[in-house]
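Read top to bottom, the protein sequences are chains A and B. Counting from 1, position 33 in the first sequence corresponds to residue 33 in our numbering; the numbering is continuous, with no gaps. Add 283 to a position in the second sequence, counting from 1, and you land on the number used in our numbering.
Keep in mind that the hints were calculated from the coordinates and are not lab data. We put the beta carbon where it would ideally sit given N, CA and C, even for glycine. Where hints are given, some of them may not hold.
[Unchecked claim] With the C-beta cut set under 8 Å, the calculated list includes, among others, these residues of chain B facing chain A:
#, residue
1, E380
2, R381
3, G395
4, S431
5, V630
6, F659
7, A707
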Amino acid sequence: MLVTWAYKARDTLVQRFDPRARLIFTACAMLSILQVWDLRWLAGWLAFTLLAYRSARLTWKETRRFWLVVLPLITFLVLITALTGRGGEEAYQVAHPWARLHLGPWVWAISVEQVVFALGQFARMLALATLGLLIPFTIHPAHYGVTFRGLGLNDKFAVATDLAFRLVPSVARDFQTTLDAQRARGYELERKGAGLVRQIRNLAPLIVPVTIQAILNGEDIIDAMDLRAFGARPRRTWIVELRYQRRDYLLMAVGVVVLALTIAAKLAGYGDFWVPPGWLPGP
Amino acid sequence: MSELALEVHDLSYRYRSRSEPALQGVSFRVRRGELVLVAGASGSGKTTLMRILNGLIPHSYRGGDLQGTLRILGHDPTGVSLAQRSLWVGTVLQDPERQIIGAYVFNDVAFGLENLAVPRPEMVRRVDGVLQALEIGHLRERETYALSGGEKQKVAVAGTLVMEPDVLLLDEPLANLDPAGVDEALALIRRLVDAGKTVLLIEHRVEDVLRIRPDRVLFLEAGRQRYFGPVEGFLQVAHPQEVKLPAEVAVQRLRAQGVTVEPPPRRPRAADDAEPLIVLEGVTFGYTDDRAVLHDLHAAVYPGDVIALLGPNGAGKTTLVRHLIGLARPRQGRVRVQGRDTRAVSVAQLARSVGFVFQNPRHMLFAPTVWEEFAFGPRNLGFPEERVQANVRRSLDIVDLADYATVSPLALSFGQQRRAAIGAVLSMDPAVLVLDEPTAGQDYRHYIAFMDAIVRMPFAAIVFITHDLDLAVRYANRVWLMHAGRLVADGPPEEVLAQDDLLQQCRLRPTSLLRLNRSLLPHTGRFLPLESLARLDASLFA
Chain A
1 MLVTWAYKAR
11 DTLVQRFDPR
21 ARLIFTACAM
31 LSILQVWDLR
41 WLAGWLAFTL
51 LAYRSARLTW
61 KETRRFWLVV
71 LPLITFLVLI
81 TALTGRGGEE
91 AYQVAHPWAR
101 LHLGPWVWAI
111 SVEQVVFALG
121 QFARMLALAT
131 LGLLIPFTIH
141 PAHYGVTFRG
151 LGLNDKFAVA
161 TDLAFRLVPS
171 VARDFQTTLD
181 AQRARGYELE
191 RKGAGLVRQI
201 RNLAPLIVPV
211 TIQAILNGED
221 IIDAMDLRAF
231 GARPRRTWIV
241 ELRYQRRDYL
251 LMAVGVVVLA
261 LTIAAKLAGY
271 GDFWVPPGWL
281 PGP
Chain B
284 MSELALEVHD
294 LSYRYRSRSE
304 PALQGVSFRV
314 RRGELVLVAG
324 ASGSGKTTLM
334 RILNGLIPHS
344 YRGGDLQGTL
354 RILGHDPTGV
364 SLAQRSLWVG
374 TVLQDPERQI
384 IGAYVFNDVA
394 FGLENLAVPR
404 PEMVRRVDGV
414 LQALEIGHLR
424 ERETYALSGG
434 EKQKVAVAGT
444 LVMEPDVLLL
454 DEPLANLDPA
464 GVDEALALIR
474 RLVDAGKTVL
484 LIEHRVEDVL
494 RIRPDRVLFL
504 EAGRQRYFGP
514 VEGFLQVAHP
524 QEVKLPAEVA
534 VQRLRAQGVT
544 VEPPPRRPRA
554 ADDAEPLIVL
564 EGVTFGYTDD
574 RAVLHDLHAA
584 VYPGDVIALL
594 GPNGAGKTTL
604 VRHLIGLARP
614 RQGRVRVQGR
624 DTRAVSVAQL
634 ARSVGFVFQN
644 PRHMLFAPTV
654 WEEFAFGPRN
664 LGFPEERVQA
674 NVRRSLDIVD
684 LADYATVSPL
694 ALSFGQQRRA
704 AIGAVLSMDP
714 AVLVLDEPTA
724 GQDYRHYIAF
734 MDAIVRMPFA
744 AIVFITHDLD
754 LAVRYANRVW
764 LMHAGRLVAD
774 GPPEEVLAQD
784 DLLQQCRLRP
794 TSLLRLNRSL
804 LPHTGRFLPL
814 ESLARLDASL
824 FA
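Whenever a hint applies, use it, and build me the whole structure from the sequences.
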């Protein structure tokens, strides 16, 4: 059985918008963020998304698991990019030395541009993650299917997307149940002193049951849908009805305009990589 | 319009991957508005028959060999789409979790109507109508995954009924319900039949179904039709050690036929001054801050205990047993397992003392062979290889899977997987065995066989959760009764199960075996299993 994301109905500005309008706005915002590397712009976007997050009144408890995965992941990616020196090669050509770190026999030369790029990358990823987080935690799970249908997907794809959307929390639940069942058999996730291959093999008691369960659940869902006439008619109806309000049109218009302005600004040469002048070494 | 809802003639089916037919030569006719009980052990062909009637065979199960003829409401269903057939025959699957698709109750109930492109206003009217008819209107805006087992069952029925099929197939609808939930579900089924629906009810809990007066019984055995006809004839055909019949009938039959399987003797409890194995001291626990699931719970497990943990759905039974192995840790109070505070040791360390068998075996089976599956636990605990091998061999014998040692556990039937899950825990030699609803959805003969074997094993103590009062009567020497997160009774079955008010409060209903035992208690001094009752002097039953 599929479970839903931890949704809680709240009378907030974010939740008052039609989910279709919010998805369109979110897509425009994400595309706009992906266009730019200017730290000032990215900081602005980050501030905006955190404001939206705050206005949605989501609690730490609700979103803790998401952040516990996403924050270390973002940090890891930013550090890897910075440490390998691969990031930003296309963004800047000149690198000004900032510091030299001595790590045992290794010396790591850090440039100002590398630091600025890492900060920009962090702000960019965090802004995108925050926007993405708002979708499952603030859209009513009963509205997923009709929302995707309203965005132009056909009926079958809309139902399938609705189910796929709920797959992530369902797999997470099965994973936890399996982890509990294996721990009760003396299993420990981390084996001290085991090599990488052994550590990967050690995941089998978790991965195999969760995968099998996901396949069986998939088969169950197909049978259950067939037994209730799924695909019987060329078109289906939806019990949930969504209606756009004036504010929804406004939100979508703002999203499209912002995206258009960002593209125009990029074409005009704005929004590229930028280093605060004060951070550069003097002549 | 045909007076017959179903006409089945010489029906046989063999699955693509099997050499033997799952169903062979089955013929019966069901009139409109009849209630038919379909009984039989696991593997008797009940589910295969249901799949043929609702069209999943051959639609989803392709490549098999289907023979014989079938007419539904006078129509030949050959070539009829599954969707069209779902308007004739509605199916409620054994596990409502496998049937519910929508995230919310009103979404889910409307799913079939949406697929039939019913206009929205009519859809809303019909959904609300069926929710009211089933008395679950209050669930309309609830998330489906957060419902209790009984509520999910009713939502699954609603989602099928709303499509207004003439024939309903119900596959073990009582399997996960507490006794009061069983009563409610049976009353609902009776109302549907009285309203003109034709119902085929597949169920292991024969004794319960007989209370709503089925018109006929179809009894299957190893894929063949053993009996089809009125209830009275079925009671003479079915063996009381294979099918759960009303206790009075079963005792009578056993007296006439003789007992073929001996029940295990009741285990003696330890002396009062024995050291407890597990102690719960003032345990309070909740999954969220705002709602406690367990309230200030005090209890202890002693050597020799066989404890039946009873209570309604949502009483906190599973949460309580999760504390015994550290999968849940008290917010207040403490749990000590063989002297160790569960907060100070890992679950893996506690697994040496307490073996916990989860409800669904599919959450734990992973190894390439049953042998490796059984060896996984003892190896994790660091047992020497000789002991691992010996334990695995012994466990394979106990759960009757020695012939499957080299087979993948994922290739076993669901009933065999449940036994494999139990065997995998047995091989760890725990002092205390904890089983969460070990018999749910299992047929009578199999669950009696493996519970008999488990009780005979040398565990220091056994704790099992069940909704089946007869299991408590047969095996337990102690009963814990839970209600709303509190332990409301703790004592011998003869004391706890004698209190009708308490049972009613906990949504439990005395079974025929319990009633018979209570009436004979002045003579027997303790509750007895069916086989022992059958040996009592005939004058006691007069």
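Here is what the structure says about each hint:
With 8 Å as the threshold, the beta carbon of E380/B comes within range of chain A, its nearest partner Cβ sitting at about 4 Å, so the hint holds. A distance limit of 8 Å between C-beta atoms decides the matter here; for R381/B the minimum to chain A is near 4 Å, and the interface restraint holds. With its C-beta approaching chain A no nearer than about 4 Å, G395/B sits inside the 8 Å limit, and its interface hint holds. At a threshold of 8 Å, the smallest CB-CB gap from S431/B to chain A is about 13 Å, leaving the interface hint violated.
The interface hint given for V630/B is met, as the beta carbon of that residue sits about 4 Å from the closest beta carbon of chain A, less than 8 Å. At a threshold of 8 Å, the smallest CB-CB gap from F659/B to chain A is about 6 Å, leaving the interface hint in force. Interface hint at A707/B: satisfied, since its Cβ lies 7 Å from the closest Cβ of chain A, which is below the 8 Å cut-off.
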